[in-house]
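Undergrad: These are the residues of each chain, in order.
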Amino acid sequence: MTMPPQSDQVPVVIRASRLWKSYDEGTISVLNGVDLEAHKGEAIALCGPSGCGKSTLLHLIGGLDKPTRGKVLVNDKELGRDRDMVHFMRHEVGFVFQLHNLIPDLTMEENCLLPAVAAGTPNAAALSRLQELAERTGLRHRLKHRIQKLSGGERQRTAICRALMNRPGILLADEPTGSLDEETSSTVFNLLLDLAHTESVTLLMATHDRSLAAACDRVLEMHDGRIRTDC
Amino acid sequence: MIFLRLILVNLLRHKIRTFISIAGIAFSVAAMITVVTVLQGAVGMFSSILSSGSEMIVFERNVSDLFFSDVPQAAKNSIATWPMVSHADAVLFGVVSSADHPIITCFGVTAEDARIRNATWVSGNADPFANGGNLVVLGERAAEFLGASTGMDVPIGHGTFHVIGVIRTRNGFEDGGVFMPLEAAQKFFHKEGSSVITIKLHNKEDAPAFKAQVHTQFPNLIALEDAEFSRSYSQFKILKATAWAVGGCGLALGGLGVANTMIMSVFTRIREIAILRVNGFANGQIAATIFGESAIVAITGALAGLALGAIALYALKEVPALHGYVDVTIHPALMLIVVLLALLTGLAGALYPAAYAMRIKPVEALRFE
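Chains as they are written, first to last, in the numbering used here: chain A, 1 to 231; chain B, 1 to 369.
Looking at chain A on its own, in the form it has when it is part of the complex (with noise of 0.2 angstroms):
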């Protein structure tokens, strides 16, 4: 089981236990076993070859999938069991892709306030958060253009507005600088870092730049579907 370096008294957020998952009836096998907590605020990277099973991780942890076995507990409930699913989905967890996952027809504005109408937040509220974060990702000025007019780091930055619409305790990111230019991957990555620390968000990020896993408060190193180091 691996352990946060920094610190034992800030509370686990996520708590993964022998997770297994596999598809087409065992044949394939994903996961074999991951171990793995998380604490509020902490920024993980995972590393790992293609395949190695870090997206899959992220797809549990986030209630995307279900594990063959084993169980996921976010702030000591388990996944599946003791959550309503789409509460957790809309209040604790934001996600972020590589590629943005935004819808092309809608606005800037449109895109980041999803999760709040699918929260059902308050107007006035939502506008608030949203102005909030498109401030600190220097999006202001593009509120009510189209996705289609944004470059790929706007759009990316904009799949972060999302993700933190709701203020989400934990912000699952999967290659999130995969698709981008390194000098874009560079901002991206530190926007996505300094607003997970300011927000005291759990990060977990998926990511095959060393130089940027570097800067995480942990490094996961997965192969074949298991945590081999964490440094």
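Hints may contain errors.
Among the chain B residues that face chain A by a calculated CB cut under 10 angstroms, a handful are [to be verified]:
| hint | residue |
| --- | --- |
| 1 | Met-1 |
| 2 | Lys-200 |
| 3 | Leu-201 |
| 4 | Lys-204 |
| 5 | Ile-275 |
| 6 | Val-278 |
| 7 | Asn-283 |
| 8 | Gln-285 |
Hint data in this document are derived by calculation from the structure and do not stem from the laboratory.
Cβ atoms here follow ideal geometry from the backbone N, Cα and C, with glycine treated the same way.
Based on the hints, put chain B in the right spot on chain A.
TA: Okay, now just chain B, sitting in the frame of chain A:
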């Protein structure tokens, strides 16, 4: 607002597909409105023939069609003397033919009948009618298609009749009909009585007592108030059922169009639905976007269909051959029913797509697209 935008964005993204879907519903609604209104108008016109200047109708019990009803003259004579009865008119319905027109409705009436007394005379007058004999009064349209005018002799069926006048009515059946003195019609159709007796009472509240007395004294006859007759007459029921069935089939086809559109809509945006799921949209909210789309299509289509139907009815009204047969009044209740039916059809068409959308697993949709 954004929820509505999500719905509209998808409809606007595939404008042609949306338009075709709306057009499908619109044509279905227009067909339903047109067929139902025309047939209801026809039923209304036939009812108004029966109720001309009267409140009740007496006819032979258990006949399938009033053309087959035979009310004895003695019954009419007796009923006319009842204290509660203000006026009783025997009317004989028959179908005659002429060279180019195989079906012309014939009314055998007395000179006291409201149709003759209150008619608008285009030419001639009612005076000779009381004398009886082989004479006829023609409805304006009948005069037109028979090529006849006042003073001429016209061949009708196996006889020849002298035209004493032409009258104008607002009723298509009457306007295309032939009016004969009752005795002449009885002779022509080999009947001793009449098809119906139309009754006007001194006091409408005597209707139940009148019906009871008819039942007691003439068990083979039945008396109904006009509205009651319109509701219960089997021919009217068949016509109305046919209209709704034809319209319903049209609407069902429109509904299939909506279902097809919605299925395509869901299949082409699986990824988008997955994004909504990831952002916290519950199954109900996902389904609401699908139902919202189909509701907008259905309601827009229904409103366009109402407009199209109204245009079609006005166009039909202007067709000379249909003059007087088409009532262009679309009842508000019918409009409401049709819009609701269209909405229900649209929502039914969205059931499967909505169910499919709710089963989309975001992790698969986002991974493979």
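Undergrad: State for each hint whether it applies.
TA: Results of checking the hints against the structure:
Because the closest C-beta pair between Met-1/B and chain A is about 8 angstroms apart, less than 10 angstroms, the hint holds. Given the 10 angstroms rule on beta carbons, the hint for Lys-200/B is violated: about 65 angstroms separates it from the nearest Cβ of chain A. About 64 angstroms separates the beta-carbon of Leu-201/B from the nearest beta-carbon of chain A, more than 10 angstroms, and the hint is not met. Interface hint at Lys-204/B: violated, since its Cβ lies 59 angstroms from the closest Cβ of chain A, which is beyond the 10 angstroms cut-off.
Because the smallest distance between the Cβ of Ile-275/B and any Cβ of chain A comes to about 5 angstroms, under 10 angstroms, the interface hint for this residue holds. At about 5 angstroms, the closest approach between the beta carbon of Val-278/B and any beta carbon in chain A falls short of 10 angstroms, and the interface hint on this residue holds. With a cut of 10 angstroms, the hint placing Asn-283/B at the interface with chain A holds, because the nearest CB-to-CB distance is about 8 angstroms. For Gln-285/B, the interface hint holds, the least distance from its beta-carbon to any beta-carbon of chain A being 6 angstroms, beneath 10 angstroms.
Taken one by one, the earlier hints fail for this structure at numbers 2, 3 and 4, listed in ascending order.
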